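Q: Same order as they appear, the protein sequences are chains L and D. The numbering of the first sequence is our numbering, which starts it at 10 and goes up by one. The numbering of the second sequence is our numbering, which starts it at 14 and goes up by one.
It should be emphasised that the hints constitute simulated quantities derived from the structure, not laboratory data. Small disclaimer: the values here were computed from a predicted structure and weren't measured. Be careful, since some hints might not be right.
As the list claims (entries may be wrong) - Taking lysine-lysine pairs in the DSSO-like style, the calculated list, with each CA pair at most 27 Å apart, reads: (1) Lys-366(D) to Lys-24(L); (2) Lys-32(D) to Lys-99(D); (3) Lys-24(L) to Lys-112(D); (4) Lys-99(D) to Lys-112(D); (5) Lys-67(L) to Lys-122(D).
As the list claims (entries may be wrong) - To spell it out: a stretch of chain L is covered by chain D in this simulated footprint if at least three of its residues, at any positions, have a beta carbon under 8 Å from a beta carbon of chain D; those stretches are: (6) 67 to 79; (7) 193 to 206.
Where a beta carbon is used, it is the ideal one built from N, C-alpha and C, also for glycine.
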Amino acid sequence: MMLEIQNLHVEVAGKPVLFGVELSLPAGETHVLFGRNGSGKTSLLMSIMGFEDYRITKGSISYRGKEISRLGPDERAALGIGIMFQRPPTIRGLPLGQLVQLCAGPDVGVAEMAAQVGLAGFLERDVNLGFSGGEIKRSELLQLLAQDPEVVLLDEPESGVDLENIGLIGEAIKGLLQKEKRRQREKSGLIITHTGHILNYLEADRGYVMCDGRITCTGNPRELLEDIQEMGYGGCLRCER
Amino acid sequence: MREIGRKGMNRAAAARGKKAAFGEDLDLEKYTMEAPEHAYQEKMSELAEMDRKRMEMAGVDAGGKERSGSFVQLDNSVVHRSAGEKGVEVLGTREALEKYDWLQEYMWKTVDVDADKFTAAVELDDFNGYFIRALPGARTVFPVQACLYIKQQGLAQRVHNIIIAEEGSELHIITGCTSDARLPAGLHLGVSEFYVKKGAQVTFTMVHNWAENLDVRPRTGTIVEEDGVFISNYICMEPVRSLQMYPKASLVGRGALARYNSILVAQKGSSMDVGAKVSLEAPGSRAEVVARAITRGGDIISRGLLVGEVEGVKAHLECRGLILAERGLIHAIPELVGKVEGVDLSHEAAVGKIAKEEVEYLMARGLSEEEATATIVRGFLNVNIEGLPPILQSEMQTMLEQLEEKAL
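Start from the sequences, fold in the hints, and give me the full structure.
A: The structure is reproduced here in structure tokens:
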């Protein structure tokens, strides 16, 4: 199992935000998290990445069978976990190209990667400074392409992106997750989607609905999305699936 | 005796005890005005009495490579001066005053001789300094380098620099001010007057590498005429006991432009009061004052003053401070004065610590906490200086990297 989360309880600033989350992500699979704003989706991703404010009070997170919940984000990144932030910070004075090079390692050419996501002209610009919504997403993807992680955590990759960009972003995510491979695919993804639009661009194997810090429903992602579209998240609460 | 000098002498004498408007008051009696005369060297490489490494850290290349001229003052003696490019003159100020009668007109025009006891002392006691001039239309590629060095213990080094960029000329200057690292006491009094004439461009990059017992009081004024450009870059990351300077540019010609960039790192025991004033006196004149201040335990007052005297001027002031020590002070004082309708003046100031969010963002990309922090701090100091020629830009980058490694 690539990623295994068991009975995960997390607090932020003393306030519990996750209550016993269970989730298993096998190698090569892509799973999708649905849920209202504030349901705990982002908290779950942040906890998997190991950010300090997300304090694990109970339960475990393991990666390829190894308990990682005491490791820092840098150590988790080194193992092969990568994250696309929904609202990344701006880093003044640090050119994007330099950060991408740091992610990729010294011998990798980053210009080609940048061209792939339409950011060839952005390498000299400060990370995220004055970037549009779509540019931020592409910048995040570029950093992930350079990192080439085994487990990709994506927080609303389609939010704030116009139609023109969404296809490009979808393609880049497919690349990250080795969707071109039918067999022996190893990369796994866990994607937060509020609208489900991203499912028009890539196949997912499993879906979850989160509600009030818990996973309340699991199933085929398209079917889940149809139910949500039909009944809203309120329907999920009443659902007896 | 110089005509202006006599008048100046009287005014200076009256200001002998006058405290400066800002900064710690210093007792000039505690310093010596005397230093042994040092021998002049035709070749910079023969300047054996100075610490070559410290000069290099301040941007001064003893080989004079890629320089259009060089000037070195050791204590109060000019020990080397040379000009290598056509259209550029490099002389000691005393020598230049003897050579050119008209130079009197340029003395104490942009800085008041009786501003405070420090300006007065430069006039009253024997001074030296450099005279750098670009002739009309001369466009230098390589910078002129100047080094002011204090070796004599307890010396109050007096310097009066005059820089003239004649009409349509382009002049780049790198000044490195430094001293023996272990000097127990010393004071640098440096008056610099810049004249940027019509359509001329001056970039002035000054690196201060003083020592922890040195006090430093530069006094600088600049006049920029029509379509002239003045860019001043100032870097001080090494320890200094106290440093106070508040240079002023007067933009007197239509379309004149001034830019000040300062990078300050105050180590424990250092006290810095640094800023820039720009008076926008002609339509279409513009200015930008940018400061990046980091304290590692020392105190920094970062000032800025923009004065819009006429309609149709635009200027911006920016000060960002980072506190990287438990104790340490950054006090940003941005001031804007608009005197007429139609001025566009703005400022932004921010003082704080490194955002944890930024550190963790980089950690998620695989950088350790230390690497992430260092990357953010380097970025913070990475001021993009518009208008600096590429050769200076890359040189400054290298210099910054060396200094950062030592200072942070």
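Q: Hint by hint, note whether the structure agrees.
A: Okay, the hints, checked on the actual structure:
no. : hint                    : result
1   : Lys-366(D) to Lys-24(L) : holds, 25 Å
2   : Lys-32(D) to Lys-99(D)  : violated, 43 Å
3   : Lys-24(L) to Lys-112(D) : violated, 78 Å
4   : Lys-99(D) to Lys-112(D) : holds, 19 Å
5   : Lys-67(L) to Lys-122(D) : violated, 73 Å
6   : 67 to 79                : violated (count 0)
7   : 193 to 206              : violated (count 0)
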